Amino acid sequence: MKITPISTKALFEATRSSLLKAQNALAIAQKEVTTGRHADVGASLGFMAGHAVSMRNDYARLGAILDSNTVAETRLAATQSVLEGLAEDAQSFLGALIGARSSDSGPKVLAVEAKARLKSLINGINTAVEGVHIFAGINSDSIPLADYFGMPAPASRQSVSDAFFAAFGMSQSDPGVSGISAADMQAFLEGDFTSLFEDPAWSTNWSTASGENISSRISTGEVIETSANANADAVRNLVRAYVMIADLGGERLNDEAFQVIVDTAVETAGAAVQDITALRTGLGVAENRIAMANERVSIEMDVLSRHITDLEAVDPYEASLRVTSLLTQIETAYALTARLQQMSLIYHL
Amino acid sequence: MTLTSAIDVARSGISVTSGQTAIVSRNIVGAGQALASRKLANVVTTADGGVRLASVSRVSDGALLAHMLGANSTAAQQRSIVDALDRLEGTVLDPELDASPAALIGKFHDALQLYSAAPHDPVAAQSAVAAARDVVRSLNSATETVQSLRERADAEMASAVDRLNGLLAQFETVNAAIVNGTRAGADVTDYLDNRDRLLQAISQEVGIRTVMRADNDMAVFTDSGVTLFDKKARTLSFEPTLIYAPDTIGNPVYADGVQITGAPGGMTIGSGRLAGLASVRDEIATTYQSQLDEIARGLIEAFAESDQSAAPALPDAPGLFTYEAAAGVPASGSLVTGLAGLITINASVDPAQGGSAAKLRDGGIAGPAYNYNPSGGASFSGRLQQLLDRMAEQRAFDPDAKLAASDTIAQFAAGSVAWLEETRTAANAEAEYRATLLERSSEALSSVTGVNLDEEMMILLGLERSYQATSRLISTIDEMFRALLAAAG
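So the sequences go chain by chain: X and L. In terms of the working numbering, the first sequence is residues 1 to 349. In terms of the working numbering, the second sequence is residues 1 to 489.
FYI, nobody ran anything at the bench for these hints, they're computed from the structure. Predicted model, so just to flag it, every value in this text is computed and none were measured. What you were told as hints is all true, and nothing was included just to trick you.
In silico contact screen, one side only, chain L against chain X (beta carbon under 10 Å); selected entries:
id, residue
1, GLU96
2, ASP98
3, ALA103
4, ILE105
5, ASP110
6, PRO119
7, ASP121
8, PHE380
9, SER381
10, GLN385
11, LEU388
12, THR423
13, ASN428
14, MET458
Backbone N, C-alpha and C define an ideal beta-carbon position, used for all residues, glycine too.
Whole structure, please, built from the sequences with the hints as guidance.
Rendered as structure tokens:
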């Protein structure tokens, strides 16, 4: 004969277990309210946790690209400013050359100017940004151009002297240079002298730069060149123009021969200015591509960070509501337990 | 009828009432105990009109008990799986903490990207190598975690087997007492309760089915049908394995000489802690290990170096990532068990082992023939860009890892996180459901067979009144005797 539907143990067990569950849920809800994220992100997301990890990785990767783009941008900006300086120098040098044609300011003044400009060119080309010689290509730990006027004379200057001596049988400082004819000078400038600035002589005597430019990954799949090179035509031509005026014994030459040098220098420097402009345009394109890549990357990062939040976050209002209702539930359970304790026949017999 | 027989009847009433009171107090004492059933006194009228306590029986419900035992087995099984998965989750943690191999591979990729932007920078080189070392460490330590998990599961299986053997021996004693007591007509209800408790403990370790026989005899089988107890307890045997390497295969459990875990013949137990532990040891942990191994193999493959000589003659060799006692680059798309525990950073590129981090940029980690930067340019980034491209390439993975057959390394590693967390979510949901089921079925069983104190109190009230009435009867009969004796005296 069984008339009661519930045993005393089942009665107490029921409140006990529901109380335990509510307390567990409260701990979870509290954590969610304070952090704004799922208490156990992995278990709540299930297979989506893989997406969360991937997206966090993507986000960090894009951040790394932005960081590394800064390096390339700095390099490009430094390169641009050096090239800008070179172009300005070349322009004013051109002005001086053209002025010298008409006036009588003399080869000496021009030689001084050419010397100064060559020094500043070498200085500019040897610029290092964060330990990288920006005109050295991938061979960035070596200084691309040696100091032309350094002592002892570097290979570059020596090669010029040797070529001069080979052509005319005397050194540039020899008083006999005044006897060099305009035609001979013209032939020297177009022949042996020019080939000094062409490979293999150039990379042997002048430049330690690598012909390969530094390349950078500016977005997930885009690798571009992000440096200019001391071996560029612009640099070679400009150096050639400066050396012509500075170091071919200008003040001792006769007027006709010097005039040939000036004319060639005007032509060469003019070409160099155009080359520099072309180079700068190329760099500008790279800068622009980086800027666009950065913009794209930033947008992607925004989207990713929104997705990550969407995935991992909980609605804080919902969580705090949950805390409130759980607290009520637990208090009710306490009250109920106390009442159940009182509810026994033994207190009434 | 005589006064003597009247007093006999009254006396039998007194003794039955005290007997019933004893049963009520047994019930009250047992009210708090698990699986204590309510006892009933069966009272019969004797030939002389008196009453007698014929027997004691208990309230029982075989169907509810079987249901509870089944729920108990599956709940214990799921609990052991959830515990194991929670331990494995320690290798992954919250995505926010970036602690999983997948996240560390991502960080390594970032370090490589930064290095490719500043290839001349020795600090960037070292930080890329350090990030690679973190990846290697996470794979090594995850392997240790997985294998120690298997060791623990194995040890727990051994202790479960010991416990089962002990429980079955106890069961044999209790069952014999029940059978003998039933034949002798003794009160066996407390033994029956005891046997139910033993069943509950056994079902925790292994899923069971029971069959009732004559004289309250019981036979116990596993849920797959292997005999655990029939007249006599059968022995479970298990040879524990103390140390687990990734390629170690654990021993199965035998009951009565029949293999009951991982058995091919369909005798594998379906529930209970043993079943859970066996699936942790032989399935979940090994699958996760093969995923880790494939991540390691993918890294070794992606960072392998090719002969750069004009006339390449040497085979590809492991570069930044290599493994202990390396013998070439492992074949693509096929699992090398335990590779995640063996993967290391090549000593020639690791500054901590006297190597040069710049080899990451130049190549030549595997030997001089593998140099990608013969001119030695400090800002050479071609090899680094190639490595970044190779990390982003799809490559083949072994289907045994139960993830995508073709994926990038980072995606594959993220897939492993997804697999683990999904398994965990599913196991958690299942465990919760099973726990609720167990709670409900225990409650139902307890409600039907258990003791309600109020009811017992009311019965006690009735017994008290009956005792009072019978006492009054006796004193009245005594009065009558006295009157009779006085009249006769």
